[in-house]
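*Asks:* First to last, the sequence lines map onto chains A and B. If you count the first sequence from 1, you need to add 141 to reach my numbering. If you count the second sequence from 1, you need to add 141 to reach my numbering.
These are computed hints drawn from the structure, not numbers from a lab. Any given hint might turn out to be false.
Here are the simulated lysine-lysine pairs, PhoX-like style, with alpha carbons at most 25 Å apart [what the hints assert, rightly or not]:
1. B:Lys207 / B:Lys197
2. A:Lys197 / A:Lys207
3. A:Lys343 / B:Lys343
4. B:Lys207 / B:Lys252
5. A:Lys252 / B:Lys252
6. A:Lys252 / A:Lys207
Part of the chain A face toward chain B, derived, beta carbon under 8 Å [said to hold, decoys possible]:
7. Val258
8. Leu261
9. Ala268
10. Ile308
11. Ala312
12. Leu319
13. Gln335
To be clear about the criterion: a stretch of chain B counts as covered by chain A if any three or more of its residues have a C-beta under 8 Å from a C-beta of chain A, and this derived list gives those stretches [to be verified]:
14. 255 to 262
15. 266 to 280
16. 299 to 312
17. 318 to 325
18. 331 to 341
The C-beta atom is built at its ideal place from N, Cα and C for all residues, glycine as well.
2 protein chains.
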Amino acid sequence: MATPVYSGAARTPQRGRPRDASRDDALRQAALEVMAEVGYRALTMDAVAARARAGKATIYRRWESKLDLVIDTCTQLAQQNLTEPDTGSLAGDLREFLSAFAAFLSGPIGKAAQALVGELPHEPELASAFRETFLTAQRGVLRRILERAEERGELRQDAPRGMAVEIAGAALIYRLMLTGDPLDLPFVDRVVDQVLVPLVAKGQ
Amino acid sequence: MATPVYSGAARTPQRGRPRDASRDDALRQAALEVMAEVGYRALTMDAVAARARAGKATIYRRWESKLDLVIDTCTQLAQQNLTEPDTGSLAGDLREFLSAFAAFLSGPIGKAAQALVGELPHEPELASAFRETFLTAQRGVLRRILERAEERGELRQDAPRGMAVEIAGAALIYRLMLTGDPLDLPFVDRVVDQVLVPLVAKGQ
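Whenever a hint applies, use it, and build me the whole structure from the sequences.
*Replies:* Structure, rendered in structure tokens:
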């Protein structure tokens, strides 16, 4: 059974009036499109408002800054697109999560994700928020996949779990950002079967 | 014995007059500083000329575009900083090359490297030139390290070499671009000993 991965946007201020969820989604979609086109640094609340045909005040009632808007957009998108798998095997869980993550990165969201990741080194506040939300959540799913594998007796005693979690993320992001090779299912299968499972599982 | 890794800048046009190598280095240094500050997209030949206290014509005599200048700068810097190791063992060669590469990325060049990598998704021509020069050369070194290991009988028959080459680069770039964790010797040791050597070597 799949359960939601991401716990929602703790950074989003909750105000007294009821929120219109579909309006919020339209504003996030606009933020995503603007970010894919111009990147994080050049994104303005004005441009997002114009794209969504909304007033700037409407946006500021929901998010107090562009940092809040962008981090909330990432978190919500991840929550909608990535679920925590529980297939009953280490290889099955890794395959399901990483193929969903690969599809997420190489789909329409990919351009915005690339723009965001590319700007992390220049934007310390964005980098810190991105690490606390998106990256921490993604690592959490991978850690829980490994914990369940251990409960089933699948892991070696000395399995380097932290390294497995890091390499899983690294393999996907490197293709997205550097090599440009396809982030497809055959690649995910090779990462799981050749690298991750032998790295941590017993009797390989 | 260490031999140079990178074969120099094939893209740099050679003109009839003799080149002043130290002047070229000063111009490349200026390009690096400007790129670290403003990124590739916002870099102009004017800004590089001003930084190096040179005329714009001086730069254009050496490089026909900012793409040529930036790719040549990357290639020359890599040539000066990264050598191809031959320590006599797979683990030794990987450790020597990856620790030099980690130091290269986390040193003063790191900011410019981050700026460059961050912009690859938005700059197809830059991405293509970067892959043909820098990335191809880095993969070439790793492939030759694996070939020498095979000649010494260190590799498994079915060693997934392409995956090992990809994971080696991915592990370092992921730290540089995403997690912000240190690219230090203990990390390189863990990547070599926990991931790369078990992935391809016999009897692990």
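*Asks:* For each hint, tell me whether it holds in the structure or not.
*Replies:* Okay, the hints, checked on the actual structure:
1. B:Lys207 / B:Lys197: holds (12 Å)
2. A:Lys197 / A:Lys207: With a Cα-Cα distance of about 12 Å, the restraint between Lys197 of chain A and Lys207 of chain A holds, given a limit of 25 Å.
3. A:Lys343 / B:Lys343: holds (17 Å)
4. B:Lys207 / B:Lys252: Holds - the C-alpha atoms of Lys252 of chain B and Lys207 of chain B are around 18 Å apart, at most 25 Å.
5. A:Lys252 / B:Lys252: holds (22 Å)
6. A:Lys252 / A:Lys207: holds (18 Å)
7. Val258: Where the cut-off is 8 Å and the nearest Cβ of chain B is about 6 Å from Val258 of chain A, the hint holds.
8. Leu261: holds (6 Å)
9. Ala268: holds (6 Å)
10. Ile308: Since the shortest Cβ distance to chain B is 6 Å, the answer is holds.
11. Ala312: holds (5 Å)
12. Leu319: Holds: closest Cβ of chain B sits about 6 Å from Leu319 of chain A, inside 8 Å.
13. Gln335: holds (5 Å)
14. 255 to 262: holds (count 7)
15. 266 to 280: holds (count 3)
16. 299 to 312: holds (count 7)
17. 318 to 325: holds (count 4)
18. 331 to 341: The restraint on the stretch 331 to 341 of chain B holds, since 6 of its residues have a Cβ under 8 Å from chain A and three suffice.
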